[in-house]
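Line by line, the protein sequences are chains A and B. Each step along the first sequence adds one to the number in this note's numbering, with nothing skipped, and position 311 is 311. Position in the second sequence (from 1) plus 437 gives the number in this note's numbering.
Bear in mind the hints are in silico, worked out from the structure with no lab data behind them. Certain hints may be false.
Calculated cross-link-like contacts (lysine-lysine; reagent style DSS-like; alpha-carbon spacing at most 25 Å) [unchecked claim]:
1) B:Lys481 - A:Lys87
2) A:Lys353 - B:Lys481
3) B:Lys801 - A:Lys12
4) B:Lys801 - A:Lys252
5) A:Lys421 - B:Lys477
6) B:Lys622 - A:Lys353
7) A:Lys252 - B:Lys481
8) A:Lys313 - A:Lys252
Note that the structure is predicted; figures quoted are calculated from it, not measured.
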Amino acid sequence: MIPSSENTFLNKEKLPFPFCPGCGHGSILDQLNSALIKLNFDSSEVVLVTDIGCQGLSDQFFTTNSFHGLHGRSITYATGIKLINPKLKVIVLIGDGGCGIGGHHLINAARRNIGLTVLVFNNLNYGMTGGEHSATTPTGSFTSSTLKGNLERPMNICSTVSVNGASFVARTTSFDDNLSDLIAQAIQTEGFSLIDIWELCTAYYVPRNKFSRKALENTIVSLKFETGILHNEIYPEYSTAYRDNTLDLQNKPTFTRFPLEQKYSHQLKTLKTFIISGTAGKRIGTAATIFCRAAVLSGLFATQRDDYPVTVKTGFSLAEISLSPDESKLVGNSHPDVMIVLSPEGFKKVQSKFESLTENTIIYLDKNLPIIKSKAKEIRLDFNKTGLKKEYWALTCLAYILYNKGIFPLDALSDAASIRKDFANDYINAINGFKNL
Amino acid sequence: MREFIDGSEVVARAAINSGCNFFSGYPITPATSILLHMLKELPKIGGTAIQAEDEISAMGFCIGAALSGARVMTATSGPGISLYSESIGAAIMCEVPMVIVDCQRMGPATGGATTVSQGDIQFLRWGTSGGFPVIVLAPSSLAECYSLTQRAFELAEIFRSPVFLALDKDLVLTSSTVDIKAISKQIMPNRPTATYNDNYLPFAIKNLQDTPLFSPYGGSNIVRMTASSHNEAGFLVKDPKIVNQLNNHLVAKIDHHIEKISMVKADLQPGSKILLISFGSPSQAMLEAVSESRSRGNLVSSLIILSLWPVPEKLILTCLEGIHQVYVIELNHGQYRREIDRLAKPDQLVIGINRIDGELITPKEILEKIGS
């Protein structure tokens, strides 16, 4: 079956194929070679990506580019190649084993409609490791791992990729004389294409199941697995669609920068640390960021370390802030100079710290929170009186502290709050709200 | 110009300034923000960023993209590194240049998603089958998040190797004041690349410690790559002589260049009998403790290890000279202490200062431990 023409993609020095007598792999590879010849590609335009199993040996017999990787992951490497170079014809040679262990990649490559051609060498069992059952082994079949007949039902690879967005899907057998045309059609498909090629494993599946070409064809019929081109629809191919989709972003400046040129001065001599503890979703982190940016606008170095549970809008939210006249350091901060506690969730998070605090700490607490036992100086504030939503209590409290302690000017806080134009009015309003505390 | 940003943005900016043009990752706390930055920013420079279906594919995409000529990065945390494991091996075997960011969180398993840890330090070195070396860098500040990301790209390209950036939740997600402009450099490290060659051999080397010349898929050379034991042409082999040479090469190409890779920040005080060693975010508490201790009139030396793997043995040994007590400060049960222990002389006492409760080590704790 090797074409006599010089124009072959097979490496004559490496031939013949090392497959068992009667194995379908060799004829599929010959048909692949014919398809590549018909399409008149240059070897450098083609990348064969092989999986694990006997078909994994096959890339070595081709003169094209190739990658031979880990079991079931061939589609992932192929995707990376296609994403960088959409012009390449990336062809994945995978077994039924690879489709099982790499099923997730198979579904997602189809869903993404990435322009790969996947040829499944489907011989219904693991030929390389000793004839164990695979995801496509028919029910009742005997393999080295299904000694009393397979209890599982075979995966319908074509249906799986068809319903998940593949462009071109076909099923046939290695005995199909028109296989090379079918492969050529698959390769020419812009999007994701797959051919499920059923074949005989003469080492294991055939002797164990008294299997034959006829039995193979009958099995396909009895499973109601259709043959021929089963799906052929045009959807946008991912690597091209990605480029089209992001074209308007190209050459736009990267990263939104908020340069904080010093505009104000500060009165800080040494490191000052804060903890704000409240409820998730109540803009604790945002208030801390505005405060830190204001500090930087005033010539300070600021660090903000957030802590929160894995949930998003429930539970506590805590921000640790360090302000320093010199280079700031990220260090553990269990005895802050200032602690702000705004809600029951925030209270619960820090209450174990209260007792160990000294008179060097000032704690600002919402008026309605429980009584605390601490040597720290306690200041109760009635946030409800401000009329502000709870989302703004942290910021209004920080404004209150700045006004009373004068670390840096309130104007710096207003400036920092105006950096994000979309929320500026609400934040300025919150800053001014401290007057009602 | 000062800015107030977090480590995830610093790493992303440094990557893009080092020519990174491909990123794939899977959302996982605390690494997600790097993924989000890259998804947003890479298209602006004509690059590609993609959220993969899982961590396994994220690594697979990176390998395919890197072999097609892209400069690639991915980011995850401990559970993701577990899934990266087999592909880290493939990247070592196919000599794929890539930067892998590990934003360490508390383990084992799902552990603490939003909790700081340095529990992956040995895992990064030994996290794939075969025991072959990788490079691991560990920034200890925001500024180093920038410079070491750039260095990671340089080393990945020079040695065609996966290079890890060992961060932690607090380095990635803590915002701080930093002047990026002052530290940023436009670095486009060169991957040693083959010119057109009719008989290009993708794994050809003269000496064991050489890095083979790269040629991308889609270029003029035909490129054969395989994760199996191979000869210089990229064909699978079982010949003991060739396999032996390949495996010795994979070790030599890192270990032979250890001096070039080694990076530490030592602050040695003449006459000091005490040496504090740390890496990553606890280094900052260490420096604070050292300056406090010195202000009390004590002699204390400190060492921040920036290149964890291969272990910068010579530099560490120099710092150990004349030292009686070594304190190794880390957020795990003493993983890197093992390396210091084997380097220290029998009469040098190596003591761990560790925290594994998700809180940072405080300078006060360090001062209490060292008793000065």
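Tested hints:
1. B:Lys481 - A:Lys87: 21 Å, holds
2. A:Lys353 - B:Lys481: 47 Å, violated
3. B:Lys801 - A:Lys12: 72 Å, violated
4. B:Lys801 - A:Lys252: 47 Å, violated
5. A:Lys421 - B:Lys477: OK: A:Lys421 and B:Lys477 at ~20 Å, within 25 Å.
6. B:Lys622 - A:Lys353: 44 Å, violated
7. A:Lys252 - B:Lys481: 5 Å, holds
8. A:Lys313 - A:Lys252: Answer violated: A:Lys313 to A:Lys252 is near 33 Å, above 25 Å.
In terms of the numbered hints stated before, the structure departs from hints 2, 3, 4, 6 and 8, listed from lowest to highest.
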